[in-house]
Amino acid sequence: MEKENKVKEMEKEEDVKIIAFLCNWCSYAGADAAGTARLRQPENIRIIRVPCSGRINPLFILKAFSSGADGVLVSGCHPNDCHYTDGNFYARRRLEALKEYLPFIGIDKRRFSYQWVSASEGQKWQSVVVNFVKRIKSIGKNEPK
Amino acid sequence: MNQNRNINEKLISKVSEIFGQVSLVVGYCRGNSPLKVSPCLIDEKKDISNLIFNKLCINNLATYAYKLSKKVEGNIGMVLKPCDSKAIIQLCAEGLIEREKFRMITVGCSGIIDYKKILKEIGRQRIISLDIGKDNIEVETIDGKKSLSTKNFYAEKCYWCDISDNPLESDVFIENDDKLEVEKKDKYADIKDLENLSIEEIYSYWQEELGRCIRCYACRNVCPMEVCQDQCIVHLDYPNWESQMATAEENKFFQMIRVMHLAGRCVECGECERVCPQNISIFKLMKKMNQVIDELFGFSAGIDISQKTPLLTYKTIEENIEEEKLT
Amino acid sequence: MENIYTLKKQNLISFIKSLNKSSDVYLPARDNKNNVFNFFSLKEIEEDFSFSSQNDKRYSMELIEKTRLSPKHILFPQYEKLLDFHYEKNPENIEDVKIELEVTPPERKSIIFGLKPCDVQGISRMDKVFSEGQFTDPYYIKRRANTVLIAIGCDTVFDDCFCSMVGGSPYNFDNSDIGLMETDGSYVVFVYTDKGEAIVENNEYLETTSDKEKVSLKSELKEKDEKSSKKIESMWPGTKYEDIPDIMDKSFNLKIWEKLTEKCISCGACTFVCPTCYCFDIRDEKDNKQGQRYRCWDFCTSYIYTLEASGHNPRESITKRYKNKVNCKFNYNYKRHGNLYCVGCGRCIDVCPVDMDIREIVAAILEESKVKDK
Ligand code: SF4
Ligand code: SF4
Ligand code: SF4
Ligand code: SF4
Ligand code: FES
Numbered sequence: 001m002e003k004e005n006k007v008k009e010m011e012k013e014e015d016v017k018i019i020a021f022l023c024n025w026c027s028y029a030g031a032d033a034a035g036t037a038r039l040r041q042p043e044n045i046r047i048i049r050v051p052c053s054g055r056i057n058p059l060f061i062l063k064a065f066s067s068g069a070d071g072v073l074v075s076g077c078h079p080n081d082c083h084y085t086d087g088n089f090y091a092r093r094r095l096e097a098l099k100e101y102l103p104f105i106g107i108d109k110r111r112f113s114y115q116w117v118s119a120s121e122g123q124k125w126q127s128v129v130v131n132f133v134k135r136i137k138s139i140g141k142n143e144p145k
Numbered sequence: 001m002n003q004n005r006n007i008n009e010k011l012i013s014k015v016s017e018i019f020g021q022v023s024l025v026v027g028y029c030r031g032n033s034p035l036k037v038s039p040c041l042i043d044e045k046k047d048i049s050n051l052i053f054n055k056l057c058i059n060n061l062a063t064y065a066y067k068l069s070k071k072v073e074g075n076i077g078m079v080l081k082p083c084d085s086k087a088i089i090q091l092c093a094e095g096l097i098e099r100e101k102f103r104m105i106t107v108g109c110s111g112i113i114d115y116k117k118i119l120k121e122i123g124r125q126r127i128i129s130l131d132i133g134k135d136n137i138e139v140e141t142i143d144g145k146k147s148l149s150t151k152n153f154y155a156e157k158c159y160w161c162d163i164s165d166n167p168l169e170s171d172v173f174i175e176n177d178d179k180l181e182v183e184k185k186d187k188y189a190d191i192k193d194l195e196n197l198s199i200e201e202i203y204s205y206w207q208e209e210l211g212r213c214i215r216c217y218a219c220r221n222v223c224p225m226e227v228c229q230d231q232c233i234v235h236l237d238y239p240n241w242e243s244q245m246a247t248a249e250e251n252k253f254f255q256m257i258r259v260m261h262l263a264g265r266c267v268e269c270g271e272c273e274r275v276c277p278q279n280i281s282i283f284k285l286m287k288k289m290n291q292v293i294d295e296l297f298g299f300s301a302g303i304d305i306s307q308k309t310p311l312l313t314y315k316t317i318e319e320n321i322e323e324e325k326l327t
Numbered sequence: 001m002e003n004i005y006t007l008k009k010q011n012l013i014s015f016i017k018s019l020n021k022s023s024d025v026y027l028p029a030r031d032n033k034n035n036v037f038n039f040f041s042l043k044e045i046e047e048d049f050s051f052s053s054q055n056d057k058r059y060s061m062e063l064i065e066k067t068r069l070s071p072k073h074i075l076f077p078q079y080e081k082l083l084d085f086h087y088e089k090n091p092e093n094i095e096d097v098k099i100e101l102e103v104t105p106p107e108r109k110s111i112i113f114g115l116k117p118c119d120v121q122g123i124s125r126m127d128k129v130f131s132e133g134q135f136t137d138p139y140y141i142k143r144r145a146n147t148v149l150i151a152i153g154c155d156t157v158f159d160d161c162f163c164s165m166v167g168g169s170p171y172n173f174d175n176s177d178i179g180l181m182e183t184d185g186s187y188v189v190f191v192y193t194d195k196g197e198a199i200v201e202n203n204e205y206l207e208t209t210s211d212k213e214k215v216s217l218k219s220e221l222k223e224k225d226e227k228s229s230k231k232i233e234s235m236w237p238g239t240k241y242e243d244i245p246d247i248m249d250k251s252f253n254l255k256i257w258e259k260l261t262e263k264c265i266s267c268g269a270c271t272f273v274c275p276t277c278y279c280f281d282i283r284d285e286k287d288n289k290q291g292q293r294y295r296c297w298d299f300c301t302s303y304i305y306t307l308e309a310s311g312h313n314p315r316e317s318i319t320k321r322y323k324n325k326v327n328c329k330f331n332y333n334y335k336r337h338g339n340l341y342c343v344g345c346g347r348c349i350d351v352c353p354v355d356m357d358i359r360e361i362v363a364a365i366l367e368e369s370k371v372k373d374k
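Residue numbers (my numbering), protein chains in the order written: chain A, 1 to 145; chain B, 1 to 327; chain C, 1 to 374.
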């Protein structure tokens with residue numbers, strides 16, 4: 001019981017829970033750069049590092065939602081810049097299909113977004129997350145009644 | 001039912017003709033209930049006479065294609081409806097089976113009756129007798145006899161079928177004197193209905209539907225395209241993709257595995273929904289993904305043997321994808 | 001203990017409602033919206049439920065047909081938590097682990113109303129599995145002890161019914177606490193056990209019968225049983241069901257198995273609807289330092305069922321798996337528990353996506369073994 005209360009409190013603090021999948025070579029480095037430059041970032045985001053956006057199985061995102069995430073963000077290298085040449089091109093197709101599909105199972109598609117952020121774009125990363133978190137907050141928690 | 005006899009005879013004689021070229025024929029035989037026919041695997045000439053084709057031949061026999069192609073030496077003959085042949089085409093396009101190994105014996109189709117619709121209409125699980133005519137279906141249950149209008153009881157896919165008389169691919173085509181005569185329906189009508197609801201209502205709709213699922217995996221195993229069933233990630237412990245506690249949420253995730261693994265591959269035979277013992281409308285889930293794939297990439301599965309599945313390829317510039325800017 | 005009452009037909013509904021007060025009543029109901037027909041808990045569907053089908057309520061009671069799923073899920077749920085666990089490790093000394101376990105045994109009292117005789121036979125088979133022999137199952141036993149079984153005999157027999165081919169019959173009330181027989185204006189209520197008597201004792205809707213009436217009602221029951229049994233034509237005439245296990249042993253290596261089973265697609269539909277399939281899996285699922293142990297249904301026609309960690313699978317082909325299924329029902333469990341573990345409800349035939357018929361398969365094996373004998 002005590003534990004439950006603690007969890008509840010934490011949830012209140014954090015407000016919304018967001019999972020971000022970042023590719024190792026660009027976006028993760030980009031987020032890192034943002035940190036080094038001391039750009040303020042919202043705390044609601046949990047980052048999971050993956051080798052490439054092409055590694056992201058759409059099921060990762062669905063799993064995150066079914067485990068209680070309020071928003072999921074994916075970020076990889078810009079098209080044509082993928083470390084593995086074309087991982088992000090494959091990813092784009094899958095993720096776009098997933099995004100269009102989400103509303104059909106009762107998930108607001110604004111809860112999901114995929115972005116391209118390079119290693120040098122700390123600034124861009126900051127604005128992406130700030131905007132994304134703002135958007136998720138405006139939709140509210142993903143608490144099905 | 002004269003017509004029936006006619007088509008059966010044609011089928012039997014055609015199969016006998018080519019039997020030398022194949023070591024096995026997969027076809028339909030009489031079933032154990034008046035509602036159903038049974039798939040049968042024929043490897044002896046004497047059994048060919050058991051073959052039938054009628055309006056109850058709803059099974060998609062292509063479901064056996066992949067497994068048999070690994071097991072059977074020699075070629076395989078398959079009795080297919082024009083729509084079933086899509087599964088063979090798609091399997092070939094993906095390199096899962098070899099086209100040369102299969103003799104596609106395609107039968108012209110006048111539409112297939114969906115027995116689940118009949119059961120729903122009569123509110124019964126079991127029937128005593130059934131007679132399907134051109135205009136009427138006479139069905140007898142413990143409540144007595146009832147006459148239903150045939151045109152309302154076709155399988156959903158028949159209402160948007162445009163290949164019933166000219167299959168996309170076949171080796172032997174058996175023409176049917178009966179033709180498909182149905183009023184065309186919009187394939188996505190039920191999807192639109194659901195999409196008209198609010199996001200919360202859609203969520204609870206699936207929660208209720210999939211709350212009934214008993215995880216029997218019939219939907220997965222009957223699918224001609226789901227060739228990886230024995231290795232399905234549903235059963236993995238590490239990583240534990242999915243709990244075996246069959247809650248609505250977990251069951252939904254199971255269907256999502258299917259949807260994602262069939263994106264741009266599902267040939268819309270509707271078998272998954274037909275076999276579901278709990279009558280869950282999972283076909284909608286599949287159809288929706290196909291709609292998305294079609295809108296984004298202009299692709300439908302099972303049409304062109306030389307075309308790649310859209311998710312296994314890409315373009316550097318995607319005309320139909322508008323990327324979202326978050327900055 | 002044996003007693004006989006009568007219940008006027010117009011009182012059936014009130015009778016069921018009166019039972020629902022002290023226990024949870026489960027009854028066979030059709031979900032008219034989705035056309036699924038299963039046992040539901042009356043308390044759960046009450047809001048949109050009617051006892052008669054001539055009504056536009058979503059759920060309605062149905063006593064003639066067999067349900068799609070067997071009632072086993074009431075006593076042996078599809079998944080069931082066995083215990084919660086929580087552990088703490090001492091960072092100073094890794095061998096010092098504190099584990100807390102919490103077990104919540106099932107407490108609910110329930111009555112299953114409207115069971116077919118084959119359903120009751122199914123439950124009696126489950127009983128043996130979970131409460132006989134070296135290992136017993138406290139969860140099942142507890143739940144079972146709190147459950148009363150009310151069966152209703154079958155005047156209508158469907159073409160997938162074959163209870164009398166496997167040692168049962170359409171009016172067999174063995175193992176039921178209470179059995180109902182429909183007559184013109186009323187139901188005859190045969191009470192067989194103390195458990196049954198306890199729930200109907202002093203029930204205002206039941207009328208007692210005289211000793212003379214009892215005798216004639218019992219013979220009426222016997223007549224009905226014979227009449228209904230006759231409607232089922234055996235697919236293995238001349239073979240007694242008790243002889244099947246030995247024939248199965250002899251037939252284990254027959255080639256024909258392959259031919260008989262090759263169309264099966266290895267799903268779990270038939271096992272999950274079967275009233276006697278009891279296989280389960282036990283799993284732990286944990287999140288950080290806490291989690292639960294639960295059990296869930298498993299099925300032998302699945303490839304995964306016998307898959308070993310090495311990657312080897314002793315039953316890699318569907319023929320081997322289906323052969324096991326048939327032998328489990330018609331051979332192994334007969335030797336273990338003295339009963340065939342197929343009760344002839346025909347549910348597997350009803351749900352099979354590819355029209356496999358266990359009767360045909362057994363019949364074909366019996367036939368083939370005769371040929372071999374000659
Ligand atoms: S979809 Fe076309 S080919 Fe398939 S069953 Fe219906 S009418 Fe026949
Ligand atoms: S997902 Fe369903 S409709 Fe699609 S191919 Fe598989 S069984 Fe057929
Ligand atoms: S067939 Fe139906 S009940 Fe079985 S696993 Fe699929 S959705 Fe669930
Ligand atoms: S017999 Fe039928 S229901 Fe059972 S596993 Fe095989 S295909 Fe599935
Ligand atoms: S390495 Fe960054 S998207 Fe492929």
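Wrong hints could be hidden among the right ones.
Stated by the list, open to error - With a straight-line Cα cutoff of 25 Å, these simulated SDA-like cross-link-like pairs (lysine to any residue) come out: (1) C:Lys320 with B:Leu148; (2) C:Lys230 with C:Val157; (3) C:Lys57 with B:Leu236; (4) B:Lys120 with C:Ile318; (5) C:Lys214 with C:Asp194; (6) B:Lys325 with A:Pro42; (7) C:Lys289 with C:Asp96; (8) A:Lys63 with B:Lys67; (9) B:Lys117 with C:Thr104; (10) B:Lys46 with C:Lys231; (11) C:Lys259 with B:Asn32; (12) B:Lys67 with C:Glu65; (13) B:Lys70 with C:Lys255; (14) B:Lys192 with B:Leu236; (15) C:Lys33 with B:Leu35; (16) B:Lys117 with C:Val157; (17) C:Lys255 with B:Lys116; (18) C:Lys9 with C:Glu65; (19) C:Lys231 with B:Ile122; (20) C:Lys286 with A:Pro42; (21) B:Lys120 with B:Cys92; (22) B:Lys45 with C:Lys231; (23) B:Lys71 with C:Tyr303; (24) B:Lys151 with B:Lys185; (25) A:Lys134 with B:Leu68; (26) B:Lys157 with B:Gly298; (27) B:Lys185 with C:Asn34; (28) C:Lys230 with B:Ser129; (29) B:Lys116 with C:Asp194; (30) B:Lys101 with C:Ile318; (31) B:Lys185 with B:Asn54; (32) A:Lys141 with B:Ile199; (33) C:Lys320 with B:Leu236; (34) B:Lys325 with A:Ala37; (35) B:Lys71 with C:Ser131; (36) B:Lys145 with C:Asp159; (37) B:Lys284 with B:Ala189; (38) C:Lys81 with C:Ser131; (39) A:Lys109 with B:Ile191; (40) B:Lys46 with C:Cys264.
Hints were generated in silico from the structure; no laboratory data involved. Since the model is a prediction, treat every value here as computed from it, not as a measurement.
Evaluation of the provided hints:
no.	hint	in the structure
1	C:Lys320 with B:Leu148	violated (43 Å)
2	C:Lys230 with C:Val157	holds (10 Å)
3	C:Lys57 with B:Leu236	violated (42 Å)
4	B:Lys120 with C:Ile318	violated (32 Å)
5	C:Lys214 with C:Asp194	holds (18 Å)
6	B:Lys325 with A:Pro42	holds (19 Å)
7	C:Lys289 with C:Asp96	holds (14 Å)
8	A:Lys63 with B:Lys67	violated (30 Å)
9	B:Lys117 with C:Thr104	violated (43 Å)
10	B:Lys46 with C:Lys231	violated (33 Å)
11	C:Lys259 with B:Asn32	holds (17 Å)
12	B:Lys67 with C:Glu65	violated (36 Å)
13	B:Lys70 with C:Lys255	holds (20 Å)
14	B:Lys192 with B:Leu236	violated (35 Å)
15	C:Lys33 with B:Leu35	holds (21 Å)
16	B:Lys117 with C:Val157	holds (23 Å)
17	C:Lys255 with B:Lys116	violated (36 Å)
18	C:Lys9 with C:Glu65	holds (18 Å)
19	C:Lys231 with B:Ile122	holds (24 Å)
20	C:Lys286 with A:Pro42	violated (29 Å)
21	B:Lys120 with B:Cys92	violated (36 Å)
22	B:Lys45 with C:Lys231	violated (36 Å)
23	B:Lys71 with C:Tyr303	holds (16 Å)
24	B:Lys151 with B:Lys185	holds (12 Å)
25	A:Lys134 with B:Leu68	violated (54 Å)
26	B:Lys157 with B:Gly298	holds (20 Å)
27	B:Lys185 with C:Asn34	holds (22 Å)
28	C:Lys230 with B:Ser129	holds (20 Å)
29	B:Lys116 with C:Asp194	violated (43 Å)
30	B:Lys101 with C:Ile318	holds (22 Å)
31	B:Lys185 with B:Asn54	holds (23 Å)
32	A:Lys141 with B:Ile199	holds (14 Å)
33	C:Lys320 with B:Leu236	holds (23 Å)
34	B:Lys325 with A:Ala37	holds (23 Å)
35	B:Lys71 with C:Ser131	violated (43 Å)
36	B:Lys145 with C:Asp159	holds (17 Å)
37	B:Lys284 with B:Ala189	holds (10 Å)
38	C:Lys81 with C:Ser131	holds (19 Å)
39	A:Lys109 with B:Ile191	holds (17 Å)
40	B:Lys46 with C:Cys264	holds (22 Å)
Hint violations for this structure: numbers 1, 3, 4, 8, 9, 10, 12, 14, 17, 20, 21, 22, 25, 29, 35, all remaining hints satisfied.
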